[in-house]
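Q: Sequence:
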Amino acid sequence: MPSFHLQDIHFQLPCGRTLFTDLNWHHHHHRSALIGRNGVGKSLLAQIITGKQSPSLGCVSRPKSLGYFAQNHKLIHAQRTIADYLGVEKALVALERVAQGAAEQHWFDTIAERWQLHEELTALLCQLRLPCDPDLPLSQLSGGQLATLMLWRLFDQFNHADSLLILDEPSNHLDQRGKAWLVEQMYSFKGAILIISHDRVLLDKTAHIYELDSLGLHHYCGNYRAYLQQKNAEQQALERQLNHTRREHQCRLDTAIEAKQKAAQRARQGQKSVHQGSQPKVTQDFKKNKAGSQLSRAATLTQGRLLALKRQEQTLKSRQATQEQNRLYIYECADSAPKRMVLNLFECQLPFGQAEPITMCVRTGQKWQIQGDNGAGKSTLFKVVQGVIQPVMGDVLCQQEVMYLDQHASMLQPYLSVLEQCRDACENIHLSQMRTLLAGIGLRGDAVQQKVATLSGGQKMKLAMLMVSHQVASPLLLLDEPDNHLDLVAKKQLAELLNDYSGTFLLISHDEEFVEACGVTERLKL
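For the sequence shown, UniProt numbering gives the first residue as 1, with consecutive numbering after it.
Derived by calculation from the structure, the hints in this document are not laboratory data.
Possibly wrong hints are sitting among the right ones.
[What the hints assert, rightly or not] Keeping only pairs whose Cα atoms sit at most 25 Å apart, straight-line, the calculated DSS-like set for lysine-lysine is:
#, residue 1, residue 2
1, 492, 205
2, 492, 231
3, 451, 52
4, 179, 451
5, 231, 190
6, 231, 64
7, 339, 492
8, 90, 52
9, 64, 52
10, 525, 179
11, 179, 190
12, 525, 383
13, 190, 205
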């Protein structure tokens, strides 16, 4: 089984924040997962393993056959065609030239034995539920379609026993059928797989869970359900140990106070005896020195034990609270206006995806889910609502400001600091309140000065959600898979926020449990 080994890894961000200190990891499992809260450094650790990023200190050994699926794949290959990406473009051109009558040898050399390439490629694209045009630019695929194509190529290219695949959030853009396909690929893959994910379905298909937190890396045998059971037992044991330490600490403290009080009482009695002349001065001095020596030794021992107990208590607290509970807040503006039409689509024909015309009316305060498989036209519909692209036919009337949050938080400016980004987008928020809001998504103190580009995918999504939800005008929110990249705690908090939101939104998500928790009452199926 292929393995990798990290030894004494240190990593410090440009802003000075240290993510890893003396991190060690020897991985040799077939199917395993890396989990952890947003911003803890999971994707960065994957980049160190694959060699995309160098550690500040430490050594890395990795297998020769190593495939990597990155979170930001949408930005990498957008201008290439499907045929070019799959490495068959030249062969397709050669087949076309030969079909037109060309007889030069180099065309036949390019084709080799691939005379059925057209048919095989069409069958593959159909199987993957992708457009059957090999000349289609990747930029015209949906996020889920592109992820499917990239994952298929990785599984096909590295499907041998000595290969390792590292998949960073592979299911983020996949619909339910796509996720089922991904699980099948994982089970049939001959090599080793390490997935980085917050998807419970995928995590339950692994046999080992590694959790990354501020204290380091922790290994749990079993799938995600087994991890939760072990984690719960671990937390209960920590709580018992912490309570025991606190009780012992208090008991020692009470004993020390009592001993000090008794010593003071004996000293007063000794002074009284001296004044009354009931004992010789030599005897009194001897008893005084002996008592003082005993008290000093007892005090030293007690103080040492109290310090040890205090350190133990602090250690237990740090282990218990490695994951701070952040909270997302939303800006609520007073709006007593009656329900009115915000968005109206009449017989609207999308240029991509949905074949049937769309008619829908959205009113203030309504919460819609836009349903559909990958490639159905959900994101295209959002672009039509924004006016970025025009429908083939039909009418679109939008009577409210629109704010669009896409799958990649593209609204963010990567070279601004977090604080600058927030101040530009939310001019109505005072600086002190803004810092409080940023602290709520885990960006505290000097962290607000780091560049947006250095944030994790989950942190970027939280920041973008904070920005779109704190607008004075209460815009129509277009939320295109906002739960992507979020850890499970943040995902729950986002659902609670949207459920409490009094404004209007259209939501795209393939997680029905999340959709229900958001308080969605209206649905459009594409």
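Q: Each hint should be assessed against the structure and marked as holding or not.
A: For each hint, the structure was consulted:
1. Pair hint residue 492 plus residue 205 holds up; C-alpha atoms about 22 Å apart against a cutoff of 25 Å.
2. As the CA atoms of residue 492 and residue 231 are separated by approximately 19 Å, the hinted pair is consistent with the 25 Å bound.
3. For the suggested pair residue 451 and residue 52, the alpha carbons sit about 20 Å apart, so the restraint of at most 25 Å is met.
4. For the proposed pair residue 179 and residue 451, the alpha carbon gap of about 33 Å is over 25 Å, so the pair is violated.
5. The suggested pairing of residue 231 with residue 190 is violated, with an alpha-carbon distance near 30 Å, which exceeds 25 Å.
6. Between residue 231 and residue 64 the CA atoms are separated by roughly 34 Å; this puts the pair beyond 25 Å, and the hint is violated.
7. Among the hinted pairs, residue 339 with residue 492 is inconsistent with the structure: their alpha-carbon atoms are about 28 Å apart, more than 25 Å.
8. Annotation: proposed proximity of residue 90 to residue 52 is violated, straight-line Cα distance about 29 Å (limit 25 Å).
9. Taking the CA atoms of residue 64 and residue 52, the gap is about 14 Å. The hint holds against a cut of 25 Å.
10. In summary, the hint linking residue 525 to residue 179 is supported, as the alpha carbons are separated by about 19 Å, within the 25 Å threshold.
11. This hinted pair checks out: residue 179 and residue 190 have alpha carbons roughly 19 Å apart, not beyond 25 Å.
12. Proximity of residue 525 to residue 383 is assessed by CA-CA distance (about 17 Å); at most 25 Å being required, the pair is judged to hold.
13. Distance hint between residue 190 and residue 205 is fulfilled; the C-alpha atoms sit about 15 Å from each other, no more than 25 Å.
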